[in-house]
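There are 2 protein chains.
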Amino acid sequence: MTEPAYVAVDWGTSSFRLWLVGKDGSIVAERRSGEGMTTAAQAGFAKVLQTHLDATSAPSDIPVIVCGMAGARQGWIEAGYIDTPASLASILTGAVAVPDQTRDVRILPGLAQRSKDAPDVMRGEETQLLGAIPADAKGEQIVCMPGTHSKWVRVLDGQVTGFSTFMTGELFDIITKHSILSHAVAGAAEMSADTAAFEASLKAAFAKPQLATNLLFTARSGQLLHGATAAGAQALISGTLIGAEIAGALSSAGQGASITLVASGRLQALYEDAFRALSLTYQTIDADAAVRRGLSAAAEAIWFTNESKS
Amino acid sequence: MTEPAYVAVDWGTSSFRLWLVGKDGSIVAERRSGEGMTTAAQAGFAKVLQTHLDATSAPSDIPVIVCGMAGARQGWIEAGYIDTPASLASILTGAVAVPDQTRDVRILPGLAQRSKDAPDVMRGEETQLLGAIPADAKGEQIVCMPGTHSKWVRVLDGQVTGFSTFMTGELFDIITKHSILSHAVAGAAEMSADTAAFEASLKAAFAKPQLATNLLFTARSGQLLHGATAAGAQALISGTLIGAEIAGALSSAGQGASITLVASGRLQALYEDAFRALSLTYQTIDADAAVRRGLSAAAEAIWFTNESKS
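Chains as they are written, first to last, in our numbering: chain A, 1 to 310; chain B, 1 to 310.
It is worth saying that the hints were derived from the structure and are not from the lab.
There may be inaccurate statements among the hints.
If we take Cβ atoms under 7 angstroms as the criterion, some of the chain B residues that face chain A in the derived model are [stated by the list, open to error]:
| hint | residue |
| --- | --- |
| 1 | 176 |
| 2 | 178 |
| 3 | 211 |
| 4 | 248 |
| 5 | 280 |
| 6 | 281 |
| 7 | 284 |
| 8 | 288 |
Please read all numbers here as calculations on a predicted model, not as lab measurements.
In this text, a Cβ means the ideal position worked out from N, Cα and C, and glycines have one as well.
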């Protein structure tokens, strides 16, 4: 077994993932749990981390690099933000050391766009970005990171020039749980298979995003008048929100910019479907691999590169 | 006191309003309660109605005209829908008698738009429409009836040619209660006074409705980065949803069509603000007066006009 060099942690709002990384870059051990920021703020961040370090038998002298909501104001310690425009490399330099730990623990900062009319923040996705886009990338990239709050990032010659958050995932969640449309989707499986309904509403909302909150209501009226199914209603809500998101995200992108999708699992399949249906060019990078690569790049820069050793 | 001629009832999902109307058209007595469809479906519609009739000492032989959700499938009896395109007058002809009552009780039908790609329904608002637009009106009218589910109706020479429902009010409600933005609005008074924030987000969403779900998120990022207030966040959410609604509703309207706003109270003030900020021409009709006038028109047509007596 390769000797452990450092620990990488992706600490989100509701999830905790830890990788023990070997000197050759291989994964020696891995931990996943639901002890995200919300849970850890109660249980204690240091305690949660130590439990998982013990479970992987991580040597007591190797350092830990953390990204995500552990660095939020309501997290472990506030890791602040790097302001856009920002080079991908500058994200690494903002890592903040957690004081009074027996080992070196550092949390990566988020990204902030401080413009008055389009203020925006991300925390965690900047590390995926680091792992998804080579720091020496040339040209314009449009990076889509779908989720509870989907992030669309514009990268030009390795500089993050701006980004936009769309509340797609959270809106889908509260609309299907708390609005009148909860009745329309009742009984549908979590992952709808109604591709036709998804693509039809996706295209309708992409073409006329101004009608999005009207299209949503057709999930109900379509059932009342045409007997549409619960799976169809769920696909319609999803397609409408994603179609409007893509229309909005691309409205400020250069024509013909290629999209880099950073996603895994269900969201990957959904957004790939969407891009294909809209005839958009894209490439996919696995989100889990991207965040691990981003954390590794940070660890390398902080602890294992002579010029940036600190 | 004028002799009572009939009883008019606006029976919504969560509200019940009753007027005892005199032979000269004056209001003899009025009742308001929270016994809407949801409550009445448990307590019994006939019983709820009788309690209020007793409280107004309504003579036992005068008839009752009802509009709203009491006529829904899950209501008292299903009053069905009149299909668009529909003349305003045809709404009156679809009233359905409730069987086995000691007096003549009739429920007005809703309106349905059965097109496959834009199915839509209304129930209750068609009666407001009846009271707001003269049956012999000429030209095109765009009628806006804001609410939980805002209805925009196109009327051409007294014919309802089509309509669209926007989930504005309900989205505002669930976003401010159940999403991450609930923290951003915590502590704001129910009716926000931040007119500047409302108008700025209204104009932004009207100009770029494709960015609506992104603009919503700025309620959070604006607080994190610029210390925006809870009242400002609430106004931003409201302005964004209403701006996108108006952009969508007017995208299919003829240029220069004048808007008839049918609203009361807080919603009237909010939409009048919005139309003024967007330099749109409008006239306002009080929603309470409109529904009473619509119910009266139905009662007159059914019981008090010789040719349509039944």
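Consistency of the hints with the structure:
1. Hint status for residue 176 (chain B) relative to chain A: violated, with the closest Cβ pair at about 10 angstroms, above 7 angstroms.
2. Among the interface hints, the one on residue 178 (chain B) holds; its C-beta lies about 5 angstroms from the nearest C-beta in chain A, closer than the 7 angstroms criterion.
3. For the restraint placing residue 211 (chain B) at the interface with chain A, the shortest Cβ-Cβ distance is roughly 4 angstroms, inside the 7 angstroms limit, so the hint holds.
4. Here the hint on residue 248 (chain B) is kept, as its CB sits about 4 angstroms from the closest CB of chain A, short of 7 angstroms.
5. For residue 280 (chain B), the shortest C-beta to C-beta distance to chain A is roughly 15 angstroms, which exceeds 7 angstroms, and the interface hint is violated.
6. Here the hint on residue 281 (chain B) is broken, as its CB sits about 20 angstroms from the closest CB of chain A, past 7 angstroms.
7. Among the interface hints, the one on residue 284 (chain B) is violated; its C-beta lies about 23 angstroms from the nearest C-beta in chain A, farther than the 7 angstroms criterion.
8. For the restraint placing residue 288 (chain B) at the interface with chain A, the shortest Cβ-Cβ distance is roughly 24 angstroms, beyond the 7 angstroms limit, so the hint is violated.
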